[in-house]
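> Residue strings, one per chain:
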Amino acid sequence: MKSLSKTSLRLALLAAIVVLGAANALAQTPRIQTSQLDALAVKASQTVDVNIDEGLMQIAKNFLSNKDADEAKVKELVNGLKGIYVKSFEFETEGQFSAADLEGIRVQLRNSAWSRIVNVSSKKEGSVEVYLMHSGSQISGLALLAVAAKEITVVNIIGPVDLAKLSELEGQFGIPALDIEQPKAKRKN
Amino acid sequence: MNIDSDYLWDKTGEPDPEIQQLEEILGALRYQPRPLRIPEEIQIRRTRGFFRDLGPRLAIAATIAMLLVGLGLWFALQRLQRRQSGQPTEIARQAPAVTSNPTPAAMPARDDNQKLAVSSSGSDQKLIDVPRRHRVDQSTLARNANRLRDEAVENTQVANAREGAAAKDQLMLALRVASAKWTFAQKKTQSTNPRDLIHNQHKIG
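These protein sequences, in sequence, are chains A and B. FYI, in this note's numbering the residues of the first sequence are 994 to 1182. FYI, in this note's numbering the residues of the second sequence are 12 to 216.
The hints are simulated quantities; they were obtained by calculation from the structure and are not laboratory data.
For each label pair, taking beta carbons as the anchor points, the in silico distance ranges come out as:
hint, chain 1, residue 1, chain 2, residue 2, range
1, B, Q89, A, A1062, 50 to 56 Å
2, A, R1024, B, R93, 46 to 52 Å
3, B, R154, A, T1040, 49 to 55 Å
4, B, R94, A, A1093, 57 to 63 Å
5, A, V1035, B, E165, 39 to 45 Å
Mimicking PhoX-like on lysine-lysine, the simulated pairs with C-alpha atoms at most 25 Å apart in a straight line are:
hint, chain 1, residue 1, chain 2, residue 2
6, A, K1158, A, K1060
7, A, K1054, A, K1066
8, B, K179, A, K1054
9, B, K179, A, K1068
10, B, K198, A, K1143
Yeah, the Cβ is synthetic: ideal placement off N, Cα and C, and Gly gets one too.
Please construct the entire structure, taking both the sequences and the accompanying hints into account.
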């Protein structure tokens, strides 16, 4: 009887280790779940939902030309990436979403595997938070959460993304070059 | 009149005088061969009819028309047969991998007592007797199989091209959003008013 209870205890312990290991492995993945935001699509005036997994990425890469300089640059950027997921909602009026809607994403990003590298908050233009996940010395994932009064954007890139190359894309392929006002220098009296 | 005599039949036997008299009277009206002479007052006019003039041509045209109708019917029947025999290969066309040789499973079965398995939404399968199919020439079948294979390859290439173009568009859209937001954040950190910036560049959690 004792041996039976011991065996069952050992099995339970082993199962717990396996479950914890699996949960930890899942927590380490750079893929963040954004399905909780889907309910906002009903209220949004414009929705962008892009899900590119590794297979689709390979197909898209094959259609990027090496001869075209811009496309070659994009090809170089996406080389090694395993997925890009974008979810963006634009609303007609303010107050269509609350902080609670974003809590599910924030909880995932509070995981120790993620490190926040940028947190910009502006009263006029909202806030942008950028998180990176590292695997050794290499970036293994990026998560970007941009929240404005009438807009929510979540970007999740899986794989070693080159941030310098990502910013180089601005002004190409219809990506607008942002003209951000420089702070005015104070006049000396 | 002598009734027993055969004179009336074949002029044998004893002739009857009354008959001889009648012969003499009617003999003047006996047929005498002479050439046909058409009286001059009768004018023979050839009637010219539309159909009579075009008779041979119409016959040729009718023959050609009949041939064309026959050919049309033959092609229609061939197409119908091709459709019937093409149903099993449709399964092969839907398969993702396109092989150079048609698989035996893709070829229609030649068994006379052929049975077709039909699966419904449930798991149970029914066997239905399929009527005996018209036997198709092997070369025609091979030609059809090649044509279907070419079409399948072409369709796959078109589908791949569409999928690739759509994937590329999606990728560009995703990168457009990601780049815009990342650049916005980057420029804000470089140029923003220190009062608006929350200095939190360290790992949290």
